[in-house]
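Student: Chain residues, written in single-letter form:
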Amino acid sequence: MKKLTSRIDKERLFLGIAAPVLAVVAALVVTALVIAATGKNPGAAFSDMTTYGFASDSQVYILNKATTYYLAGVAVAIGFRMNLFNIGVDGQYRLAAFIAAVLGGALTVPGWIAIPLIIVSAMATGALWAAIAGVLKVTRGVSEVISTIMLNSIATAVIAYLLQPGRLGELQQGGTLVSTKPLPSASHFFNIDTGPAGVLDGFVVVAVLVGLAYWFVLGRTRFGFDLRTVGQSESAASASGVSVKKMIATSMVISGAVAGLIGMPTLLNESHQYDNSFPTGIGFTGIAIALLGRNNPVGIALGALLWGFLERTTNHLEFQGYDKEILGVIQGVIVLCVVIAYEVVGRYGLKRQQQKVGAELAAQAAAATKKQEVA
Amino acid sequence: MRRVAKLSAACIATAALAVTATACGSTSSDNESSPSSGGGKGVKIGLAFDVGGRGDRSFNDSAARGADKAKKEFGGDIKELTAKTSDTEADREQRLSDLADAGYNPVIGVGYAYAASMTKVAAKYPKTSFGIVDSVVNAKNVDSINFTEEQGSYLAGVAAALKSKSKHVGFIGGVDVPLIKKFEAGYVQGVKDTNPKIKVDTQYLSHGSDTSGFASPDKGKEAAQGMLDNGADVIYTAAGSSGNGAIEAVAGKKGAWAIGVDSDQYNIPGLSKYKSAILTSMVKNVDVGVYDFIKSVHDGKPLTGTNSYSLAKDGVSLATSGGFIDDIQAKLDAAKKKIVDGSIKVKTTP
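Taken in order, these protein sequences are the chains called A and B.
Sequential numbering of the first sequence, starting at -12, is according to our numbering.
Sequential numbering of the second sequence, starting at 1316, is according to our numbering.
If you're looking for bench data, these hints aren't it; they were derived computationally from the structure.
Just so you know, even glycine gets a beta-carbon here, dropped at the ideal spot from N, CA and C.
Hints may be right or wrong, so weigh each one.
What the hints assert, rightly or not - Simulated coverage check for chain B against chain A, where a stretch passes if three residues somewhere in it have a Cβ under 8 Å from a Cβ of chain A:
#1 1394 to 1400
#2 1472 to 1478
#3 1592 to 1601
To be verified - Residues from chain A that face chain B, not an exhaustive set, calculated with beta carbons under 10 Å:
#4 Lys(-3)
#5 Leu0
#6 Phe1
#7 Pro152
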């Protein structure tokens, strides 16, 4: 225990807590001002958000949403740790979910074979799609930002082409919705029924496992060390014998594989098919959440939960007569505040450190001169 | 290893806390003050819009018109909620449940995206009447409001074929979803039945989950210009606000005609500059469907089952504003009669 406490520097702890607290407080203030500017009472809005957001059915909703967002956050964070900006998470998860849905609809094997196959195929699809950007970057120096944005559009087009009646889609009753063949009920992932509060997606378990794996691989393995090193300084990494190109390609592939999981809670727990109402844009949400969580496995979880909470409660605010755009404002403000707060606190910390080191050096120098004088 | 233990302990504690809270906490509907249903005068209309919401000048607006008309006649109030593109089933369910929970009756889902969520929510609130536009939900308390877009489009095709001098016409769809393909199928069939020699160009502005084609006048203009340059002289656009761009392009070419969609676009103020080029519009009376449903609930006899607003019931029709199709009205009426009596079957898929 002594070792543990000694490792945690009091000041570092304070700074670590200061940043998120500062961010949340600043975000609250700005949001309150915005709500007040629309002529509504921010206090009433916040109290409504709290009572509604902590009701049991809201908790289930938030956990379900956060499951998806967490996976998205982790997928993006893997790239971030490596200084790779994988904007393509969006296209990766949509294509992966689509391919997995097609496969799942075609499979007639028992669930214990089908479900892992669906998940693995989704991860493989996401990985392959991301690999294109990885290979382009390594062999041709194409910026992954550009290539992944383009790959998002290509994914949209590929899905649109394949998801047609007569190809891989089928027309639903009413003639207005094309979907993939629905998964047989044996291939549905387990759910946790919480009674009147709703149904909790069993995939939350997988999300937790992914979080643990992320923490372990990045923090506790040689590979993770290499990855972080490359992220911090490519030249230093290659000087110490790490193959930078290999690391870039690998981390892109892993990021894509995790991205492949993003659509799975929706596919396996909720919709059981892929159609045009499948949620889009979660890859971009993932970027915000990874930023919020500072690429830390626990931080991303908190960010994902916060995001879910905000969506749930602002949906209800719209119902209460507040403007529906409030959600976007709050989310934007929080991300901005987090980024700014960490920067401010980080600079403050650095300054304090420099001062401290400077003071120590000065003290040493003073002591040294004193000794000399004595001698 | 201590950190691992601590971390996992924290995780388990959080999870346990969340689950216990879930198990014992009250649901949000328990927290709400009980709805005052039946207390007030008139109807409490709950409208769940598709992406775009009120103000899209097209589909959602048409539904809003129907609700506004009902409100004006019966009194009461309207609560509107709007979909987002990142919505999951859970969001749509929440939206419909929130409305039903607060005592809104009827609750109307505008757009096919609400089909699955309405199936669930309708079962949970058996005393509330639900309505869904453009899809079918099989439940005792749901009115499925459908339109035979293909029939109206067939007439648009007939009009286009009769008015085209270059024997070359065009169709621009917003997004290649099945709903818009119904427009295409009917239009092409109408053209070909009238004159099999006429060439029909077809183009979709965006594909799949990219729904920008419904809201990009620039894309509409470009596509229409391309078709005009290729020699087409009548262009039918079913593409939401992108159609405004197409109409603008068509108005720039002498002798070319545009066919509008959803509303009578000849009378839309924003398009008055180009109205001399708007041959007709294939009007889809979503407002009629929505109004009928609200009225039925107000009268205490809520509509249920699938209600198809067909050509026969004037659910879809060709607008006559401007008088440009007066000379061919007899032929259009003949075609309409054949569709209504069933001697012409209009395809719903191209």
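Student: Taking the hints in turn, state whether each one holds.
Tutor: Taking the hints in turn, this is what the structure says about them:
1. 1394 to 1400: Result for this restraint: holds, n = 4.
2. 1472 to 1478: violated (count 0)
3. 1592 to 1601: Violated: only 0 residues of the segment 1592 to 1601 of chain B have a Cβ under 8 Å from chain A.
4. Lys(-3): violated (18 Å)
5. Leu0: With Cβ-Cβ at 15 Å, over 10 Å, it is violated.
6. Phe1: violated (20 Å)
7. Pro152: holds (7 Å)
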